[in-house]
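A.B. asks: Sequence:
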Amino acid sequence: MSIKILLVEDQKLMRIGIKSLFDDYKEIEIVGEASNGKEAIEKTKLIKPDIVLMDLGLPDLSGIDAAKQILEHNNNIYVIALTSHITEEEVNASLQAGISAYVIKDIATEFLMSIIKMVKTGAMWLDPHVVPFIRDKNCGTIPARQLSRSVFRERHSNLTQREYEVLKLIVDGQSNSDIARTLTISEHTAKAHVCNIIQKLVVDDRTQAAVKALKEGLV
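Just so we're aligned, residue 46 is where the sequence shown starts under the numbering used here, counting upward by one.
If you're looking for bench data, these hints aren't it; they were derived computationally from the structure. Computed from a predicted model, the values in this text were never measured in an experiment. Errors might be hidden in some of the hints.
[Claimed, not checked] Using 25 Å as the maximum straight-line C-alpha spacing, the simulated SDA-like pairs for lysine to any residue come out as follows:
| id | residue 1 | residue 2 |
| --- | --- | --- |
| 1 | 165 | 110 |
| 2 | 90 | 143 |
| 3 | 260 | 141 |
| 4 | 90 | 141 |
| 5 | 162 | 252 |
| 6 | 49 | 73 |
| 7 | 49 | 78 |
| 8 | 150 | 122 |
| 9 | 113 | 141 |
| 10 | 64 | 253 |
| 11 | 64 | 74 |
| 12 | 260 | 152 |
| 13 | 165 | 48 |
| 14 | 88 | 107 |
| 15 | 64 | 166 |
| 16 | 165 | 59 |
| 17 | 260 | 121 |
| 18 | 64 | 150 |
| 19 | 90 | 46 |
| 20 | 83 | 138 |
| 21 | 245 | 168 |
| 22 | 49 | 143 |
| 23 | 150 | 162 |
| 24 | 165 | 248 |
| 25 | 49 | 61 |
| 26 | 150 | 223 |
| 27 | 257 | 151 |
| 28 | 88 | 166 |
| 29 | 71 | 60 |
| 30 | 150 | 257 |
| 31 | 57 | 90 |
| 32 | 49 | 81 |
| 33 | 260 | 48 |
| 34 | 93 | 76 |
| 35 | 162 | 46 |
| 36 | 88 | 129 |
[As the list claims (entries may be wrong)] Derived CB-CB ranges, DEER-like:
| id | residue 1 | residue 2 | range |
| --- | --- | --- | --- |
| 37 | 132 | 71 | 29 to 39 Å |
| 38 | 69 | 240 | 20 to 30 Å |
| 39 | 87 | 223 | 36 to 46 Å |
| 40 | 151 | 241 | 20 to 30 Å |
Ideal Cβ positions, reconstructed from N, Cα and C, are used throughout, including at glycine.
Construct the complete structure from the given sequences, taking the supplied hints into account.
C.D. replies: Right, dumping it as structure tokens:
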């Protein structure tokens, strides 16, 4: 059975472009479209999608307010914010509204599909670039999940302490050169640590490593 998506985006060309991304993914289906928040709320009631893929910058009712009303009416639906906005206020408001994932629009298609499948299972995902807004401010929207060193070793004893430090910086969205500067190591060494982390966490790339770290509470 396919995952049913309601696409909410006010720009017609953007809707066409996003829809085309799903052509090769038959297990995920766009079953409806909306160009504003009010239309999204009404179509959600009629179509009853599994997931609403929601732009935040809508012309009438913001995507955040629309998401809040959708989820108040039906808590079996998940909302994914697909946006170009990266502000602390919008991130926190989105989470308070009940949005399950905060995704930046330049994301790779394959990874977006993975996030959709993940959210359908009840998981949550945040773009690594917005994680510091939540963790550093500790605003209470999402409780901090800190593992004790002993629990960390029990779950991922194959990661060294240095690799754990690098993993936290990956979650913060730092590049290899940024990691090298932060830890005062060479960029070659930083790249080696990242490669080791990807292998040990059994993921395909640094973004998936960040997702796994957040999902399992490693950072």
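A.B. asks: For which of the previously enumerated hints does the structure constitute a violation, in increasing order of number?
C.D. replies: none
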